[in-house]
Amino acid sequence: MEHYTMNLTLKVWRQKNSQEKGRFETYQVKNISSEMSFLEMFDVLNEELIREGKEPIAFDHDCREGICGMCSMYINGKPHGPWHANTTCQLHMRAYKDGDTIVVEPWRANAFPVVKDLVVDRSSFDRIIQAGGYISVNTGNAVDANAIPIEKDKADNAFAAAACIGCGACVAACKNSSAMLFLSAKVSHLALLPQGGPERKSRVLNMVAQMDREGFGACTNTGACEAVCPKEISITNIARLNAEYIGAGLVVE
Amino acid sequence: MLNSKIPAGPLDQKWTEFKGHCKLVNPANKRKLEVIVVGTGLAGASAAASLGELGYKVKAFCFQDSPRRAHSIAAQGGINAAKNYQNDGDSVFRLFYDTIKGGDYRAREANVHRLAEVSVNIIDQCVAQGVPFAREYGGLLSNRSFGGTQVQRTFYAAGQTGQQLLIGAYQALERQIALGNVAMYNRHEMLDVVKIDGKARGIIVRNLVSGKLERHFGHAVLLCSGGYGNVFYLSTNAMGSNVTAAWKAHRKGAYFGNPCFTQIHPTCIPVSGDHQSKLTLMSESLRNDGRIWVPKKQNDTRRPNEIPEEERDYYLERRYPAFGNLVPRDVASRAAKERCDAGYGVGSSRQAVYLDYADAIQRYGKAEVNKRNIQGATADQITQLGKDVVKEKYGNLFDMYEKITGENPYEVPMRIYPAVHYTMGGLWVDYELMTSVPGLYALGEANFSDHGANRLGASALMQGLADGYFVIPYTIGNYLADEIRTPAIPTDHPAFVEAEKEVADRINQLMSIKGSQTVESFHKRLGKIMWDKCGMARSEEGLKQAIEEIRQLKKEFWSDVRIPGSVTEMNPELDKANRVADFIELGELMCIDALDRRESCGGHFREESQTEEGEALRDDANFSYVAAWEYAGEHNWNLHKEELNFDVAKPTQRSYK
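Chains A and B, in that order, give the protein sequences. Residue numbering for the first sequence is 1 to 253, as defined by full-length UniProt numbering. Residue numbering for the second sequence is 1 to 657, as defined by full-length UniProt numbering.
Bound-form chain B, shown alone (with noise of 0.2 Å):
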């Protein structure tokens, strides 16, 4: 039934096979060709950049102000590439095995390994467009390495990579909008997907200065939305990050692709009271310097420069020894979350352990006095010439900690909990980035297909360029090729009409409710529930009363939501009602398929499937599977499933000891 469509022969040929044999749409066809991007981060600036530098109509739509604000913005730590500059044994090879492996096996081996492959054109790209990644003094770029690997591949913009990344796309997106070959429409979200004779040919999106709905035709449609973290509610993604163009393609025939794998990140700055409204990420970089420790002594409240040395637990150091405070994501947030739940937390929440960077301070203070030759150097000067290299590398990231806590990391230890990061489930895609509507696909985030059950570091900027640079450029044509005798529908078609009378009636039953709960009081209590029963550790039990509340929750918002303002307007709690709404759908369907899903892989813990030590506990031999859902109605599901073979990299049990 699921047809992924990888392509025969050796899996190292496949893309180029691929590549060799697609189908190609030439250039005068493809003025007549329109294509919709919705959402401008990495993957959807990207893909736009180069659709429109292909010669293809484009129209770019994102939600915020410019397509410069998307989350990918966001992004502090790298971008991984097998170019092996440092020597040290990287490949092409190295890099599909470390994300097949980090993914606990999950992922598609033919998906992973293109990426591997194109990971090295991305950097090629990014510095030809004037990407300012960080440099060695001979001139040539500098690499750093990140958790789960044993080699250097990460190159980055100080803790700004994500930033740059972005603005080199948008840079290359804002000269296509100037070229005429891109339409760009900020402020504007899409509600749904229009499907005519079973393919995606255009979308509807709200105005959001006006509230006026649009319908807008695409030959194809790409949704590069990103991820879906926010159904939390407190999470590192922005606040606007939304489910709901990704959800409303899943209401419309697009399955989506296990939706309980979900990334908690180990080191976030830990929540501080009632009133927060997002949470802050410390790159993961940052465990590349800092060690992470809890007391040796249960509740221990001394200030932590009080705790000597040997009363300190590096727990991760004497659990990991081979990768210690390296271990990838999901092994570091488990092992933060066992400290703390067995009463070694630290701070005034008792939920959060130390990141330390002192030993670090010293043991950079002293290269720095050999390199200078300084002779007889101070305690006091070997601190200080460590902390300025510290702050080179890392500066800003202590600054925003500082900012946010009060407090000064180069005098304390950093105080750090995991927090929801990343979405490894999306819409399921074919290896063509095609999900199961034909004609719409899905990039970046927005799909599932790359990570597996757990995403390593600096994988998820090089999964997004990868996508809209270097894949869907090829495989978009594949589709379009056959499409270039289907003129332009006007959007007076019926399918426009009906499915803009869909959005508008939702809307206005959304509006008419005139309830007496805010909007954010159901996101937040969506949020606690998901935390609570769907967060880093899941039970058959606990799933099963998430799954009932949320029903509750639904019934309640439906029936007593408050949102103020009119639609004809700009009205921003509107937006929200709309998201939270797609959230609280998700939320069950992301119960349901960690309920089905009876085994611990990556990021998904179930407690019932462990190994005696707590580690996660993978049944290859009931869930080697993706787990595509088809929509079936309110509360309802058909799961299909698509069998993960594993040609090259053999399933073991991951070791990071």
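Chain A extracted, bound-state conformation (with noise of 0.2 Å):
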């Protein structure tokens, strides 16, 4: 692979935190290598502007393996960057070229209100999964593991819902920050296992209960959550939510 270097034109959201409007700031980079990853491009730049006394940006990031879930860049219109199924920290400089410019925005949602800078709050996700997305089973009650056999197909299934690093591109891509996607991975997870049965039909009415308190907008099948998530949840997963909340309904007393 041909390695290089270019410059760049960023243009980065500024907010100094949740009160205060934000803007945006344009930045120039230079030397950048097309070996870095996208954040190391932001280290850069920040080292640039601690030493010019400038304050640097702030952005959520922790593993950089794309397992977490923290970084949550909106780049160029999209979250996480121009890749297929990947997270911003794993996005590499050699998607860009000299004299690109690049837009990078925090995430935009009522749901998860800026921070500061590219720093979002998410806590209205974990907020989701206590209404329900566990199942109800306290240290030192389980019986034997492999007294529960599950079709093979099932587990793989439950496994690839259950795969959501709960980052929240998928709030971000919609066009009415719905958080479908996210609530179906974990809805889907439990519903496909034979644990998550006893508490199958309250834990979907009362997680889309909770997502709906918290300022989620509805779903319209666009698809846009699906594009963009970094584990590739499929959007089969709303079609099963839906599922399991009408089945719910119909014959809760």
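Since the hints were derived computationally from the structure, they do not count as laboratory data. One or more of the hints may lead you astray.
[Stated by the list, open to error] The calculated label-pair distances, taken between Cβ atoms and stated as ranges, are:
id	chain 1	residue 1	chain 2	residue 2	range
1	A	N176	B	N305	43 to 51 Å
2	A	A147	B	G395	28 to 36 Å
3	B	K296	A	G53	48 to 56 Å
4	B	D505	A	N76	40 to 48 Å
5	B	E556	A	T26	28 to 36 Å
6	A	A147	B	R506	50 to 58 Å
7	A	Q19	B	M1	48 to 56 Å
8	A	E47	B	Q545	22 to 30 Å
9	B	A322	A	K152	30 to 38 Å
10	A	A95	B	N305	23 to 31 Å
11	A	S202	B	S349	51 to 59 Å
[Unchecked claim] Mimicking DSS-like on lysine-lysine, the simulated pairs with C-alpha atoms at most 25 Å apart in a straight line are:
id	chain 1	residue 1	chain 2	residue 2
12	B	K366	B	K391
13	A	K154	B	K371
14	B	K403	A	K97
15	A	K54	B	K576
[Said to hold, decoys possible] Which chain A residues face chain B? A few, computed with CB under 7 Å, are given here:
id	residue
16	C63
17	I67
18	Q130
Beta carbons are placed, not taken as given, at the ideal position from N, Cα and C, and that holds for glycine.
Since each chain comes alone in its own frame, lean on the hints to assemble the complex.
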């Protein structure tokens, strides 16, 4: 693979805190290697800003391996940038060429208020899980792990749904800021497994109610969420969620 | 002096004995007892959830925006358990023995045996929570093998086992939060322990959004804050992983155990340049099927596919025929370094070896052809079928490699090199996981107790969950039973006021330096000193130099660091400065410990102590102890030794040949 360096123009959303109004600032970054990750390019810019006596850009990041779900940049109009099935931290600069302009914004959704610059508050996701995204089993209650055989296909599908990293790209991509893909992934993960059976109905009703309370929008099946999901969570999970929801609504007392 | 409180009796009865006789706290009293949990990885989330279920009033803290982000989430390969589902001769004893041996006889027998015992409960618990482990077509759980063992005891969920286990623990934790048993504090960082009458009674934290300092009381404090691999700057740890919580505890009287025991993982993606901010692990499970090699010729610049079979040196298979590519991590890492140092490295940096899947793809392809009874399969067909199998097993790892390097590992061998991955050292704890400060506990990677001088693959997840789900719920009662008469101490107590003031003063001092160098640049320099002189090979001369250099670096840091912004706002540079200041102090102690341990064992390789074949040479007569360091002021530590007794697993020279 040929490596190269590039100069870029960045337009980055700056916002001091949740109260103040934000604005775009323009920065020039030079001699960026194609081998760098996108966040390493931000590291370079931040080091430069600090040396110039300016405030570095705040952004969320942690594992830089695409699994913790903390990074969250909206890059040129797409959550996590141009690559398919990818997180911002795994985006590498060979995706760009010399002279490119890159616009970077935080996730935009009412339920994800901006904390600072590119950092948003995603605690609404935690509260959706609190509403029922679990199996109620206290430590020590379990039977032998192989006492419950589970069809491989079902286990695989449950795993595919459970692979969600809770980053919120689905919400950021959705014109309605809907959290249906996130919610459906958790409902599917647990509904597909026999262990999730006893709480199946209350879980889906309570989680959907919490999603609505948090101010997420409705789903219109556009599919933008699925297109940007770094873990390729399938939109069929939303169909399953709807079926679960209707089923639960029909039989509830 | 050091009392490890190991229960009497035969090894395999100690835990049963302890559980049968430890003190209990009745449910009405549990409601009055408050427990603080710092960190929400596998150890912290499982402990907070389990203690909440028991009825204690729990407060949990994490510096990330959600407890689900903790770095346990990035663990790839799997979790060990002595289930013997494969009928291949596994048992609690074998898991115990493999762990002791793998740790090069520097771990405490009683703790390790307990770990092996509860391993089976962990798998049951996780499955009950809905953790989607890999399964066979019959619907039962699948296993794979890992380095340093000859049985298949590793449970896994593709290459995302840590994620799935953490989400299980996170969900249990969120359930307790919803029930009101646990109060969760996201984006909060612990900056000190509060001690009253010699006991840990709370913590001082910084709200990372507002910048405000807060005081929190607890009858007991649990540190589940992970390891300190980021002292090397470049490691496979998350960017935020830090030693600060453990280090503050150390400065307040908790001894630090075996700080120099660091695990360098053999299979990571090599460094690509000075901009590198972290390193990425390629799971050890890849060594199950991949073959590691370098060219037989020095400085060979041909592409890997141009090097014929007979000109390749499969050096692990050559040196260690019994275990081959599955030798423990420390052995594999040193072997890679040896080849690269001798001039056989590959890639543009020459600091890499190949991990090759060509053979595995063919082997799996042929097996699929047989399974599906395909007549006259073409070579392309076999290769494709083989790639499909490899994709199912390791797909996410291969994708990750391609994203980072731009190379397709299904077509060309991966380039790998060792990188800092895990720290076996940590806060010294007794059998009950209590540090040398009463009421202060350390769980998971933050403690030193179970892995000796080298951790086996798939054992970190096991230990984190063992400590949180199955050990602390019993051992903490043994302490809290005597605390039921202690009412909650108001946080205007002078000890809280003083601790908060110390933290505030230190932050103000950092902010007032207004120097010229960034925090990041100091961290990088510290990392380079540590990697060069306290990394895969250590010598007396190098370590002495490192100690001097670190002391110098500390002076420079405290006189010339530049931190932008202010204290009363979100300020990631200030957070980082707090952490790097602690890493610098820890770095010095690691070098002192490494210098003091004049033997090689596990991941600690002293150049002065090796066999003729270049293998690590232990010195049991002089160093069969845990080095527990007591902080005694600036640049000063007192060494306490906990003798290690091996009643069951008699120490032998480790051999994987």
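Against the structure, the hints come out as follows:
1. N176/A <-> N305/B: 43 to 51 Å: holds, 50 Å
2. A147/A <-> G395/B: 28 to 36 Å: holds, 30 Å
3. K296/B <-> G53/A: 48 to 56 Å: Between K296/B and G53/A, where Cβ atoms are some 55 Å apart, the hint holds.
4. D505/B <-> N76/A: 40 to 48 Å: holds, 45 Å
5. E556/B <-> T26/A: 28 to 36 Å: holds, 34 Å
6. A147/A <-> R506/B: 50 to 58 Å: holds, 53 Å
7. Q19/A <-> M1/B: 48 to 56 Å: holds, 55 Å
8. E47/A <-> Q545/B: 22 to 30 Å: Given range 22 to 30 Å: holds, Cβ gap about 28 Å.
9. A322/B <-> K152/A: 30 to 38 Å: Holds, at about 33 Å.
10. A95/A <-> N305/B: 23 to 31 Å: holds, 26 Å
11. S202/A <-> S349/B: 51 to 59 Å: For S202/A and S349/B the Cβ distance comes to about 56 Å; the hint holds.
12. K366/B <-> K391/B: Distance ~15 Å between K366/B and K391/B Cα, so the pair holds.
13. K154/A <-> K371/B: Holds, at about 22 Å.
14. K403/B <-> K97/A: holds, 17 Å
15. K54/A <-> K576/B: With Cα atoms ~17 Å apart, K54/A and K576/B stay inside 25 Å; holds.
16. C63: Interface hint status for C63/A: holds (4 Å vs cutoff 7 Å).
17. I67: Interface hint status for I67/A: holds (5 Å vs cutoff 7 Å).
18. Q130: holds, 4 Å
Violation of the numbered hints given earlier is absent; every hint is satisfied by the structure.
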